[in-house]
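Chains as they are written, first to last, in this note's numbering: chain A, 1 to 182; chain B, 183 to 710.
Simulated from the structure, these hints should not be mistaken for laboratory data. One thing to keep in mind: the hints can contain errors.
Covered stretches of chain A (in silico footprint by chain B; criterion: 3 or more residues with CB under 8 Å from a CB of chain B, positions within the stretch not fixed) [said to hold, decoys possible]:
#	region
1	14–21
2	78–84
So the derived list for chain B, only partly shown, Cβ under 7 Å to chain A, looks like this [said to hold, decoys possible]:
#	residue
3	M228
4	V229
5	T232
6	I248
7	A292
8	A352
9	P371
10	V393
11	V398
12	G401
13	A419
14	A420
15	M427
16	M528
17	S529
Going by beta-carbon spacing under 8 Å, a handful of chain A positions derived as facing chain B [said to hold, decoys possible]:
#	residue
18	F24
19	F26
20	S166
21	L172
Even for Gly, the Cβ is constructed at its ideal location relative to N, Cα and C.
Listed below are the residues making up each chain.
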Amino acid sequence: MVGNKTFANVMMLKKLLVFTLIMFAFGFALVPFYEKFCEVTGINNLLQPDVQAKEIRVDENRWITVEFDANSRGLPWQFKPLQNNARIHPGEPVNVIYEITNNSDREINAQAIPSYSPRFLDKYLKKFECFCFTKQVLKPNETRQMPVQFVIEPGLPEDIHTVTISYTFFELPDGTAAAVKR
Amino acid sequence: MAAVHGDAHGHEHDDHHPSGIMRWITTTNHKDIGTMYLWFSFAMFMVGGTLAMGIRAELYQPGIQILEPELFNQFTTLHGLIMVFGAIMPAFVGFANWQVPMMIGAPDMAFARMNNWSFWLLPVAATLLVGSFFVPGGAAAGGWTFYPPLSTQGGLGVDLMIFSVHILGASSIMGSINIITTILNMRAPGMTLMKMPMFVWTWLITAYLLVLVMPVLAGVVTMLLTDRHFGTSFFNAAGGGDPVMFQHIFWFFGHPEVYIMILPSFGIVSEVIPTFSRKPLFGYSSMVYATASIAILSCVVWAHHMFTAGMPTVGQLFFMYATMLIAVPTAVKVFNWTATMWRGSMSFETPMLFSIGFIFLFVIGGFSGVICAIVPIDIQVQDTYYVIAHFHYVLVSGSLFALFAGAYYWIPKWTGRMYNETLGKWHFWLSMFFFNLTFFVQHFLGLAGMPRRIPDYNLQFADFNMISSLGAFGFGLTQLLFLYIMISCIRSGDKAPQKPWDGATTLEWTHLPTPAPYHSFEKPPIVK
Numbered sequence: 001m002v003g004n005k006t007f008a009n010v011m012m013l014k015k016l017l018v019f020t021l022i023m024f025a026f027g028f029a030l031v032p033f034y035e036k037f038c039e040v041t042g043i044n045n046l047l048q049p050d051v052q053a054k055e056i057r058v059d060e061n062r063w064i065t066v067e068f069d070a071n072s073r074g075l076p077w078q079f080k081p082l083q084n085n086a087r088i089h090p091g092e093p094v095n096v097i098y099e100i101t102n103n104s105d106r107e108i109n110a111q112a113i114p115s116y117s118p119r120f121l122d123k124y125l126k127k128f129e130c131f132c133f134t135k136q137v138l139k140p141n142e143t144r145q146m147p148v149q150f151v152i153e154p155g156l157p158e159d160i161h162t163v164t165i166s167y168t169f170f171e172l173p174d175g176t177a178a179a180v181k182r
Numbered sequence: 183m184a185a186v187h188g189d190a191h192g193h194e195h196d197d198h199h200p201s202g203i204m205r206w207i208t209t210t211n212h213k214d215i216g217t218m219y220l221w222f223s224f225a226m227f228m229v230g231g232t233l234a235m236g237i238r239a240e241l242y243q244p245g246i247q248i249l250e251p252e253l254f255n256q257f258t259t260l261h262g263l264i265m266v267f268g269a270i271m272p273a274f275v276g277f278a279n280w281q282v283p284m285m286i287g288a289p290d291m292a293f294a295r296m297n298n299w300s301f302w303l304l305p306v307a308a309t310l311l312v313g314s315f316f317v318p319g320g321a322a323a324g325g326w327t328f329y330p331p332l333s334t335q336g337g338l339g340v341d342l343m344i345f346s347v348h349i350l351g352a353s354s355i356m357g358s359i360n361i362i363t364t365i366l367n368m369r370a371p372g373m374t375l376m377k378m379p380m381f382v383w384t385w386l387i388t389a390y391l392l393v394l395v396m397p398v399l400a401g402v403v404t405m406l407l408t409d410r411h412f413g414t415s416f417f418n419a420a421g422g423g424d425p426v427m428f429q430h431i432f433w434f435f436g437h438p439e440v441y442i443m444i445l446p447s448f449g450i451v452s453e454v455i456p457t458f459s460r461k462p463l464f465g466y467s468s469m470v471y472a473t474a475s476i477a478i479l480s481c482v483v484w485a486h487h488m489f490t491a492g493m494p495t496v497g498q499l500f501f502m503y504a505t506m507l508i509a510v511p512t513a514v515k516v517f518n519w520t521a522t523m524w525r526g527s528m529s530f531e532t533p534m535l536f537s538i539g540f541i542f543l544f545v546i547g548g549f550s551g552v553i554c555a556i557v558p559i560d561i562q563v564q565d566t567y568y569v570i571a572h573f574h575y576v577l578v579s580g581s582l583f584a585l586f587a588g589a590y591y592w593i594p595k596w597t598g599r600m601y602n603e604t605l606g607k608w609h610f611w612l613s614m615f616f617f618n619l620t621f622f623v624q625h626f627l628g629l630a631g632m633p634r635r636i637p638d639y640n641l642q643f644a645d646f647n648m649i650s651s652l653g654a655f656g657f658g659l660t661q662l663l664f665l666y667i668m669i670s671c672i673r674s675g676d677k678a679p680q681k682p683w684d685g686a687t688t689l690e691w692t693h694l695p696t697p698a699p700y701h702s703f704e705k706p707p708i709v710k
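Throw the hints in and build the complete structure from the sequences for me.
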């Protein structure tokens with residue numbers, strides 16, 4: 001009788017421990033699940049090229065000023081756009097060149113992360129090419145020019161006249177294979 | 183009713199126990215461990231309360247007077263962590279240890295040795311947490327929710343906090359495995375699930391929530407640790423990670439966690455109200471189902487903590503409606519308590535006062551919760567004192583008041599002595615007055631836009647902050663009265679009658695002598 005009870009308790013202990021381990025693993029499983037969820041629903045798609053839309057109408061009646069901003073965080077890199085801003089019509093394809101220079105004497109891997117103002121700009125910004133889609137490796141004292149190609153869709157609310165596209169380079173630890181493998 | 187059977191000689195078993203400090207270190211007795219849990223949580227309540235006094239002293243006037251901003255942030259962070267993980271949660275586990283075996287007619291917890299371990303992990307974790315104030319860089323200062331990037335950047339204090347959370351999590355998981363096994367396997371013959379006292383039911387459901395979400399918390403702090411030291415990039419945007427993901431995983435734990443802190447208090451109140459209304463609990467089975475549905479719903483509402491973090495409208499709507507849905511089972515409970523009191527033969531001893539105070543103030547906190555669930559309002563009040571007021575109404579006048587009610591209710595059974603009823607009533611009324619003085623005005627501060635976690639504020643907030651601080655000092659001092667009442671009860675209280683509360687119907691009152699013997703229910707009682 002007492003033996004049965006102890007046995008039942010130990011069985012229950014085992015089941016609950018297994019459940020605990022499953023939940024611990026579940027916590028980690030949330031990471032790929034989160035990324036997949038964002039990918040499928042198109043949330044948070046900052047680092048993937050957009051598909052070229054069929055035919056975007058250019059709204060010639062509106063002008064938008066696009067400001068370009070560039071930062072590098074804790075990196076001996078000089079990073080700047082070749083033009084500080086552009087005045088464009090919504091729907092018009094835009095090409096900008098950014099330039100980075102590695103001022104140090106070591107090879108550095110880094111990844112650029114975009115940031116937009118206003119925050120909802122990402123809904124209307126379609127990027128076809130960007131240096132931020134992959135990691136950048138610069139040899140000592142190397143300089144590189146890189147294009148960004150994008151369109152701001154005419155759906156952008158009427159009261160927005162100026163938008164800012166900003167990039168910040170972060171150093172990647174050695175051996176980080178692909179910075180972004182969503 | 184006076185079925186006090188042959189347990190009176192139980193004390194003879196004690197003789198071979200080690201005495202002095204070794205008794206407490208090696209004990210596997212659920213009553214000893216429950217006592218240690220309760221004293222530990224009270225000590226942590228004092229530490230967390232001291233931090234709160236520091237916060238309120240700094241906020242007494244605008245400007246920086248006492249705490250430098252860095253230290254202020256450490257105070258708010260550790261106040262939250264200590265109160266949640268050190269005070270409220272262990273206190274409920276203490277109650278479970280004392281009460282669950284006695285209420286279901288079991289001789290002890292299922293795994294007595296593991297029970298001892300799960301308690302003794304707590305002082306270790308507490309030492310790490312409190313000790314982190316004294317390491318270079320000080321304690322963690324990024325808020326009790328330790329969001330990255332602040333928590334990936336902080337110093338050694340953050341590492342100590344992470345280890346501490348790991349240990350506390352392990353302790354909670356062991357404790358809840360023990361409680362689940364005890365409740366499911368060790369009930370006295372005849373004690374069917376639907377005859378269990380509500381306190382046991384709420385703890386069974388709470389324990390399941392704990393094994394469900396505590397491992398996820400352990401996982402997320404592990405990710406934080408590897409991000410900090412082992413080059414992973416779970417939450418580091420530069421490495422392809424996402425700091426918002428931390429918030430999702432954290433609140434997947436965090437929201438069930440708030441119900442882990444409130445469900446056992448529902449249980450305590452559901453024992454106290456029928457006793458002092460001298461009527462059975464109204465709607466027992468609906469109480470059980472309401473508790474279970476609150477627990478299930480609590481797992482699908484986490485993102486209401488992050489409406490401003492960026493989320494599609496569909497997501498906001500889902501989490502808003504799901505959150506508001508929780509008001510339904512909660513209202514079932516409130517109506518049931520009220521209906522239990524209706525036409526009852528009520529008396530207002532201290533446990534009953536705290537329970538009624540609980541219902542009254544918890545409902546205020548519940549309503550401000552529904553208000554915060556509404557997305558446009560939440561975006562307005564996010565990170566303001568309105569939120570502070572809301573969760574203190576559910577955690578202090580909710581969980582803590584229920585803990586006080588439970589302590590006054592069961593202390594005669596535990597010690598065989600009565601507390602001082604007059605002082606107990608003073609404790610209640612002073613707590614009630616100072617609590618509302620402290621936190622009610624914080625609603626106004628929050629609506630006017632005062633942000634949380636900032637040591638300084640605009641002059642327009644000065645008057646309400648002074649009122650709130652005065653209330654907080656009063657509330658803090660009042661809790662010393664509680665300590666005095668408890669100590670004087672244990673040392674020199676009047677001898678308690680066999681059944682101090684004539685309306686009590688659960689096994690520990692009907693089948694055990696007062697005080698409860700060291701070993702109870704070695705022969706299980708028969709429940710009809």
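Results of checking the hints against the structure:
no. : hint  : result
1   : 14–21 : holds (count 5)
2   : 78–84 : violated (count 0)
3   : M228  : 32 Å, violated
4   : V229  : 29 Å, violated
5   : T232  : 33 Å, violated
6   : I248  : 34 Å, violated
7   : A292  : 5 Å, holds
8   : A352  : 10 Å, violated
9   : P371  : 12 Å, violated
10  : V393  : 5 Å, holds
11  : V398  : 4 Å, holds
12  : G401  : 3 Å, holds
13  : A419  : 5 Å, holds
14  : A420  : 3 Å, holds
15  : M427  : 5 Å, holds
16  : M528  : 40 Å, violated
17  : S529  : 40 Å, violated
18  : F24   : 4 Å, holds
19  : F26   : 7 Å, holds
20  : S166  : 13 Å, violated
21  : L172  : 6 Å, holds
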